[in-house]
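Colleague: Going down the list, the protein sequences come from chains C and E.
Quick note on numbering: the numbering used here labels position 187 of the first sequence as 194, and the sequence is numbered without any gaps.
Quick note on numbering: the numbering used here labels position 327 of the second sequence as 1267, and the sequence is numbered without any gaps.
It should be emphasised that the hints constitute simulated quantities derived from the structure, not laboratory data.
Any given hint might turn out to be false.
Unchecked claim - Short derived list, chain E residues pointing at chain C, Cβ under 8 Å:
| no. | residue |
| --- | --- |
| 1 | 970 |
| 2 | 1046 |
| 3 | 1221 |
| 4 | 1347 |
| 5 | 1363 |
| 6 | 1370 |
| 7 | 1371 |
| 8 | 1378 |
| 9 | 1385 |
| 10 | 1386 |
| 11 | 1419 |
| 12 | 1420 |
Unchecked claim - Below 20 Å or equal to it, Euclidean Cα-Cα: the simulated SDA-like pairs (lysine to any residue) are:
| no. | chain 1 | residue 1 | chain 2 | residue 2 |
| --- | --- | --- | --- | --- |
| 13 | E | 1354 | C | 200 |
| 14 | C | 121 | C | 35 |
| 15 | E | 1354 | C | 35 |
As the structure is a computational prediction, the values presented were derived from the model and not from experiment.
Glycine included, C-beta positions come from ideal geometry on N, C-alpha and C.
Chain by chain, the residues:
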Amino acid sequence: MNAHSNLLSWILWMPMIGVLGVLLLPKTKETAIRVWSLINTVITLVLSGCLYMKFDNTVPGMQEMFTIKHSWISQFNIFYHLGIDGISLPMVLLTSLLFAICILSSWTVKKQVKGYFALLLMLQSTVYGVFLSMDFFLFYVYWEVMLIPMFFLIGIWGGENREYAAVKFFLYTFFGSILMLVGMVALYFVTGQGVDSFNILALSGGKFVNETVNIFGMALPFAKVFFVALFIGFAIKVPVFPFHTWLPHAHVQAPTAISVILAGVLLKMGTYGFLRIAFPIFPSASVYFADAIAWLGLINVIYGAFCAMAQTDVKKLVAYSSVSHMGFVMLGLAAMTVQGMNGAVLQMFNHGTSTAMMFLLIGILYERSHHRWIVRPDGTKGFGGLYTQLPKFSIVFIIAMFASMGLPGLSGFISEALIFLGIYNRFTTITVLAVVGLLLGAAYLLWMFKRMFFGEVIEENKSYTDMNAREIFYMVPLCVAVILFGIWPSPLLDMMKASVGKLVSLLATF
Amino acid sequence: MALNYLASISHYIPELLVCFTMGALILIEATYGNDEKGSSKNMFYWGSMLGLLCALIYQVKGLGIEPTHIFTKSLVIDHFSGFAKIVMILSTAGVIYLSKISKDLYEGTKAEYTILAMGVLVGGMLLASANNMLLFYLGIETLSLLSYAMAALKKNDERSTEAGLKYVLYGGVTAGMMLFGMSHIFGVLGTINFSELMPMLSTLSTEQTAILIPSFLLFFVGIGYKISCVPFHMWSPDVYEGSPLPVTAFFSLVPKFAGIVAFARLTQVFFGGDVGVLKDSWLVLLSIVAALTMTVGNVSAIGQRSIKRMLAFSSISHAGVMMLGAIVLGKSGWTAILFYSVTYLFMTLVAFYVASFIQDHYGNDHIDRFSGLIKKHPVMAIAMAITMFSLAGLPPLSGFVAKFNILAAIIDKKFYVLAVITALNSVISLYYYMKVVRVMILKDAESDEQIGGFGFINQLVIGAYTLPVVLLGIFWQKLIALANGALLLIK
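Take these sequences, add in the hints, and give me the full structure.
Modeller: Here it is in structure tokens:
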């Protein structure tokens, strides 16, 4: 025990303290609820900052000084076991940042304020749980609990078709994770139900290469069968084609802050699952399926881009662009090289900030216009000439768009470049094809920009006001992040290098 | 070791207490039944609760003792049956309170309900302990005969009468088939005692096995019907729907638990050893039946508009999940069954209590009647939402842990396909459970009227039932340790 060992618990439980506070405040004190939630997320952000300051970049695995392990259910050897390494820390930082921003952006939520902020904080706690758990069971519990606040957040505060979207999201992800549960329990029994049978760290290292599993009398390799089960669970969350169909609905119907969290943080839980669980526990199967993962990643890139291109709803366009960009992460993971993996983790962070900007901006625009049509179904333009009308908004939008496009000097470029460097030697064809995806990305974003921001100012756009101080205030940190890490990515890269290196060297032995 | 009669009775006190209570209740009802004042009613309820409490105390005290046979080996007293009886006593107490507040039962039949429930409880307790075919049959019949009457308690309602009749017909036919199977087994093996049957099963010749397989199948029909597994489930939605609501709640708890427990014991006693082809055929049959039971129950529940019918179908699928624990043939399976029964008890009670208030207010129990409940009665809606998520198996609620235990037990025995089927069934069940949550929380209310009868005491009761649903999902260490003592006395 030392002074830092409870820091992870504090980060994990702080939002729950926030939930309690919100529940205790009377329903009518809406401002108090908002301010309390903001204070709470800021404290969590500061705690995450402390974590970053104390973090030792040179340690490849879990940081000893932060690890917490207490027995929870001793019959099944389940532990309350938290830990942090260079792969989870960027995700924790991203989560803290985005939630604080989302609380600010949700200031305009008028409907059932109390419930909204309570659920949002509860969601934050469960996301930390996923990123910090080192016990598979604990991980699973948080992975699932996350669905409950999400279901209500989309279902109550979402758009017109919110119920359908919420149900689809819930069922789809539940389906994936329940397969993961079967895989998890199977692992527990294969390891002989020892003390560390749910310990993600103890399970990893390719222990199950020689195990077989009997299904209908056929002896199948254990690692491959259960890698597929875990893969489906995580792939739905990413979302990897063909498991992506829940995403456009969820995104379009979700309120702004939830879209931000969904694209910024929750999608990363899927790829984080690969890095933390699927790859380390089944390295042989991961190597075996690398080609398939790469092809799926490529499909995501190209298919997502084409879908985005066809959209007339700007939020849907950005949602599909997320599908495309998460494809790059999958490519980086499939590369299984140092550059590729680093690029993937970096892209997880960078996509989190840039796409959060896009969704926040769309939310700001929606508050003024109450629609999101680039071109309305009747063929008329939804927006036009916004550039002259909303200069501040447009500048921030340009930054977000170029970051998302991967323009040099902005954050997206570095991560995509690293991914391409990492993958080129292994999958040359796929690399070449994936570059087309970049081009398509530039195309749909620029077309969208042209249609919305240039040309004649259409009549109803004239009444829109530019960004106010609160909106500018919460966009600034994100702008700083995308520019800063575009020029100087070392703080992020240094943080993840050692841990990613460890994973890559493990995969290289298979 | 078998005990003499006097010593046997010392292990039989809980059952006797329930019998005495039943007798006392009949006396009270006969003496004060026409009394217009409310005081006799209260005396009646407190009397029944007191009787159950005493039985519960004795039953809990009995948990720690060495497993033993009583009454010349016809009954088994072990941890497994003891634990199951505790769950049944608690269930009965819960539904008796529900019958008191529910308006679905006529005032005049409330006393009858309580008396009948006590009788069914005795049957269930007998079934949980039965160690020979005669007692097994007696247990099932005690349970069933009184259940038939309960189903028809709404005397003036055609559907209730129909439910009772349907129940009698189905029950009579299957009981007959089971009796035939039993006598067949007796004819071949020459004994009705479970513990003597077991060693014989491993020394059978091929012909004898061939003769016995159909007898076991017929035997299975009788129990299968009781726990309403596929293909003997058809009666249950109709009976559940036709019966008054407290009866439905009762049916989905006590007879079901008794059936599952007896079923697990039978499977273990007959097929726990190495009995070759007979065991394999039984287990394959059970696997298929369990898989079908889960799936059919869930798929049929999707389209239901009445919450009672939906819960009926879902209870079929839960029975299927619990059956999986029997297939495991081992301690992990029994532990899982016991844990499941405890969590299912609380979840069922919450669901039926809430359904009862809705039904009393609106006169029917369509799922649409739940719309906007969160605005009118947040306590009720939140308790119901927690229960629905728990029934679907979402962590960190107790329903998840229950399913996890079952999954763990069957995966341990390498039934991977069954595990995947169970898991996928969870997804299907989530769909219809979520429908209730969706209606309650996302939809607007049909009207602003308040729902009566949901006073402080009842809020407290629902809260008290919901608490274990949550707490057992997080702090399940203790309960699983308790259930883990589930020694099954075979010899």
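Colleague: Hints broken by the structure, by number, lowest first?
Modeller: 1, 2, 3, 9, 10, 11 and 15
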